[in-house]
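Visitor: Okay, here's what each chain looks like letter by letter:
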Amino acid sequence: MSDLQSTAPTSVSDPRIIPSTNPSAITLPVRAGDLADALGGTLVGNPDVMLDHPGAIDSGTSSTITFIRSSTYAKQWADSRCGAALVSDDVELDHTDDSRAIIIVENADLAFVTILQAADPGRTRPAPGIHPSAVIHPDALVAPSAAIGPNCVVGPGAKVADHCVLMPNCVIGADTALGAGTVLEPGVVIEDRCTVGARCLIASNSVIGADGFGFVPPKGDRRAIKVPQIGNVVIGDDVEFGACVTVDRAKLGSTTIGDRVKIDNQVHVGHNSIIGEDSIICGRSTLGGSVTIGAGALIGGAVVLNDHSTVGPNAKIAGGTIVLERVPENETYAGIPALPARQALSNHGALREIGSFVRSTERRLKKLEKDRES
Amino acid sequence: MSDLQSTAPTSVSDPRIIPSTNPSAITLPVRAGDLADALGGTLVGNPDVMLDHPGAIDSGTSSTITFIRSSTYAKQWADSRCGAALVSDDVELDHTDDSRAIIIVENADLAFVTILQAADPGRTRPAPGIHPSAVIHPDALVAPSAAIGPNCVVGPGAKVADHCVLMPNCVIGADTALGAGTVLEPGVVIEDRCTVGARCLIASNSVIGADGFGFVPPKGDRRAIKVPQIGNVVIGDDVEFGACVTVDRAKLGSTTIGDRVKIDNQVHVGHNSIIGEDSIICGRSTLGGSVTIGAGALIGGAVVLNDHSTVGPNAKIAGGTIVLERVPENETYAGIPALPARQALSNHGALREIGSFVRSTERRLKKLEKDRES
Amino acid sequence: MSDLQSTAPTSVSDPRIIPSTNPSAITLPVRAGDLADALGGTLVGNPDVMLDHPGAIDSGTSSTITFIRSSTYAKQWADSRCGAALVSDDVELDHTDDSRAIIIVENADLAFVTILQAADPGRTRPAPGIHPSAVIHPDALVAPSAAIGPNCVVGPGAKVADHCVLMPNCVIGADTALGAGTVLEPGVVIEDRCTVGARCLIASNSVIGADGFGFVPPKGDRRAIKVPQIGNVVIGDDVEFGACVTVDRAKLGSTTIGDRVKIDNQVHVGHNSIIGEDSIICGRSTLGGSVTIGAGALIGGAVVLNDHSTVGPNAKIAGGTIVLERVPENETYAGIPALPARQALSNHGALREIGSFVRSTERRLKKLEKDRES
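Residue numbers (numbering that gives the first Met the number 0), protein chains in the order written: chain D, 0 to 373; chain Z, 0 to 373; chain U, 0 to 373.
Treat the hints loosely; a few may be bogus.
[Unchecked claim] In the DSS-like style, the derived pairs of lysine-lysine whose C-alpha atoms are separated by at most 25 Å in a straight line are:
#	chain 1	residue 1	chain 2	residue 2
1	D	K366	U	K369
2	Z	K369	D	K366
3	U	K218	Z	K366
4	D	K365	Z	K365
5	U	K366	D	K366
6	Z	K369	U	K366
7	Z	K74	D	K369
8	U	K74	D	K369
9	D	K365	U	K365
10	D	K369	U	K365
11	U	K218	D	K315
12	Z	K369	U	K365
13	D	K218	Z	K315
14	D	K365	Z	K366
15	D	K366	Z	K366
None of these hints come from the bench; they were simulated from the model.
Predicted model, so just to flag it, every value in this text is computed and none were measured.
Looking at chain D on its own, in the form it has when it is part of the complex (with noise of 0.2 Å):
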């Protein structure tokens, strides 16, 4: 690319690097010894490596720290060039190698997600303040301290709160409220009268508060007829939902997202539905309208929930399934319709050879009805 050309700036905002998580509890480069100090965990092997940054195991140097957290992992370690592991304290490791180190901690994930802290190079922000191309209504209110980007535009009644950040080609409704410290990613659009919480990531193209799919059916010569969706959506604080993502403004009151939800790219949110705090659905799940999940579900992804369906508190549903009517509380549900995952399991394996098993039922039965007539 050598006749590349930097080219004069048009903003007068320069923009800053913001970490996408919270500060680490530790720095890189770092002893193992240190490690294990600062984790809480106990080190076996050399606690004088160096590590500077995360890896995977297969794919590190001497200086590389990374986890293990099942058997699959730890049968990689003897021949990993990885410096040191993160080890779940369930997993059983033999470490016998002086050169390296091992820390087994209660969960290495968790404990792993301080060194991705540390390592993690944050995401380029918009500077606080609003670009001189973004588009805002004079009876908008936005905190000083928040960060308005390129080609944003946000409606008449609108308010933005302290440290938010609207990432390029935004468009944020009338009467529409962000909490505080809540970020959208390029070219999120949040519809009139909506509310998100503090601290939430939205993350880009994704679409929050368009209309409910309403319509009273045709009828004989009549045709069918839009539903005014005038209630609304809202969204509670530290709710993540990842890209292309859209929820539906509800037919009357509100389609309810939960604090601290994280919804994955693609699913799709109904109108009315509600989702209960601390639930996590996965990428191209749909959810249907007046669907009510429970706090803390879990659902895999590109699971149907119909219309109307409910899904209890704590309940975790397989990917791929699809619920037609109940998903109870603490359940774990699975198949095509949705089943006890223990049914569902059961199923499948009849499944796999179902064509076979036909075939050989038919002529076992055959061959009892002839021989009983004979």
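Please arrange chains Z and U on chain D, whose structure you already have, making use of the hints.
Guide: Positioned in the frame of chain D, the structure of chains Z and U alone reads:
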């Protein structure tokens, strides 16, 4: 948010509030007796209840008007605090409460639309005219009554008819035409040479007219070769699309969406598909290439229609169905793969217990076979 | 639209029309005989037919050139009004019409690409240079031959190589690099520290490099904790993405898309997935996290690939399949969950009638058991 600041506008145009639906036949507040007259319904109970807002049956007050479309709702009426309810005439409901009112109508959902229209606060839209930040090609034609919001881009030869509204950040390609009164919500992209009819509503971040997915598959040393997609997308009048819908342009001719078609969020329509007028497609359904859907079809959520499959006029397809080849006119299909709903239901019943059925059948057959031998 | 007005441009740059594919080996109109020569095919019938546009077999005129790739199309030839057809040499077709022509070629689809290229009106792209409304960081490097459309935002350290085209409203994050000739359609977002190769086409509103979906699950009173996603996305050369595709950045290392991969609309690719070169993924498929796909795989629409699942080189997966663990090299899989296609097909046949099979088996077993007892 005490330190929020209002910011001088960078836009000269004032946004306006427009209703998202037609004007209502009534205004709120309304006396229950007057409402019954306006709707042509039959009032039972107190005609003097004053109603000022629509609401759900389980969350209202004495001035709330709600709706009862089924026995599920009817059972909640005794305990509801709503002042009045619209009741479908095929729902059984004893109303003996002198302080409240019910209004019996043919179709409670339809009558309730009138209430919702009256209560609809509308959406904020850009005012007519072209926002100074929009980029309009000199060869584009824009009606003076159209509203082109901030940061929109309109290409050469494009036509934007009377009373169209382009909300912020929309992009209209070259030679693309929008019919009168069509509204594009923020971030919609309609690429070159497409046509959208009158009075359509296309929700945020939808993409119309990206290339169809066509490649001559690789063979031996030859790589996949892109098949140019030289057709377009043609959308009729009064069509509504949800957010993040994608409709691809045709290889030849037009991907065609008929008049009054309603498509929910995140639906994908492959190239050269044809959707007949008045069809309704729910959230997250996938139409492959060259799918043909007749008029008046009703397609549930998360349905998959295979390339070249056909759906007859007025057919219905249950959510989660996978159609490999064909759903006939007027039929209702369900299942994976799609079957007539009665058959699919019978299969579903059997499949719920298929694991235990297979095991018990094996056991019974073995016993019969053993007995026979002895 | 009689009162449409043309509007003075706010842009100094004129858009240009560029073909979306390579130049064709022919120009239209073309004489059938000359076309046969150019394609290396064998002409049967009238070599003097003049052909000026490609078209479908059921909608052409005497100057239309169409294609016949299968017996389905061959049956329509007698009634077609097209002037000529390209016919794959493995399709049986009697052509005895002296007024029209067929041209026999090895692969009609491949030969037809030449016609489509010649007929392609191309797309309007921004002219080279930076639109005045674009916001380019002073530390970004943009090649003089690149075209940066209206309202694009390019972050610090980003590199945009020769002949790249950014259509309106695209956002390029810090330190992200685009290879020569890559085209981003409107609204594409590529976040910090990602790499896109040369000659890629990424369709509208796709999002590359949002955070992977990683949380340490909640336990007791501890809430879910975000796992920082400090990796990136690396995309090879000659890759094509449809609209609203999302590819998440890796937790560590890179989510990797190989050279010449083609991905259709609304596909979701989870963090740390690796897609081998020349693979093709059809619309609405879902790749969980850490999925590995070998080179040359062909994956149908609406397929679900579970977290950590693997697909071998040159494997094929039918539309709607759910892969839990593994599809081996060169195999064809189908079904829910995925099985070898032959077995899945056998199962599918059995499943169509499983309800009646279960009922009749129960009846026959009972009868046999009763007879034995008597």
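Visitor: Hint by hint, say whether it matches the structure.
Guide: Going through the hints against the structure:
A hinted pair counts as satisfied when its Cα atoms are at most 25 Å apart, and D:K366 with U:K369 qualifies at roughly 16 Å. Simply put, Z:K369 and D:K366 have alpha-carbon atoms about 13 Å apart, close enough for the 25 Å limit, and the pair holds. Taking the CA atoms of U:K218 and Z:K366, the gap is near 49 Å; set against the 25 Å cutoff, the hint is violated. For the given pair, D:K365 sits about 14 Å from Z:K365 by alpha-carbon distance, which is consistent with the 25 Å threshold.
Only pairs whose Cα atoms come within 25 Å are accepted, and U:K366 paired with D:K366 is accepted, the gap being roughly 14 Å. At most 25 Å may separate the alpha-carbon atoms for a hinted pair to count; Z:K369 and U:K366 meet this at roughly 16 Å. Proximity of Z:K74 to D:K369 is assessed by CA-CA distance (about 57 Å); at most 25 Å being required, the pair is judged violated. Among the hinted pairs, U:K74 with D:K369 is inconsistent with the structure: their alpha-carbon atoms are about 48 Å apart, more than 25 Å.
Taking the CA atoms of D:K365 and U:K365, the gap is near 14 Å; set against the 25 Å cutoff, the hint holds. Among the hinted pairs, D:K369 with U:K365 is consistent with the structure: their alpha-carbon atoms are about 15 Å apart, no more than 25 Å. Under the criterion of a C-alpha separation no larger than 25 Å, the hint pairing U:K218 with D:K315 is consistent with the structure, at around 14 Å. With a C-alpha separation of about 16 Å, the suggested pairing of Z:K369 with U:K365 holds against the 25 Å cut-off.
With a C-alpha separation of about 14 Å, the suggested pair D:K218 and Z:K315 falls inside the 25 Å cut-off, and the hint holds. As the CA atoms of D:K365 and Z:K366 are separated by approximately 15 Å, the hinted pair is consistent with the 25 Å bound. Taking the CA atoms of D:K366 and Z:K366, the gap is near 14 Å; set against the 25 Å cutoff, the hint holds.
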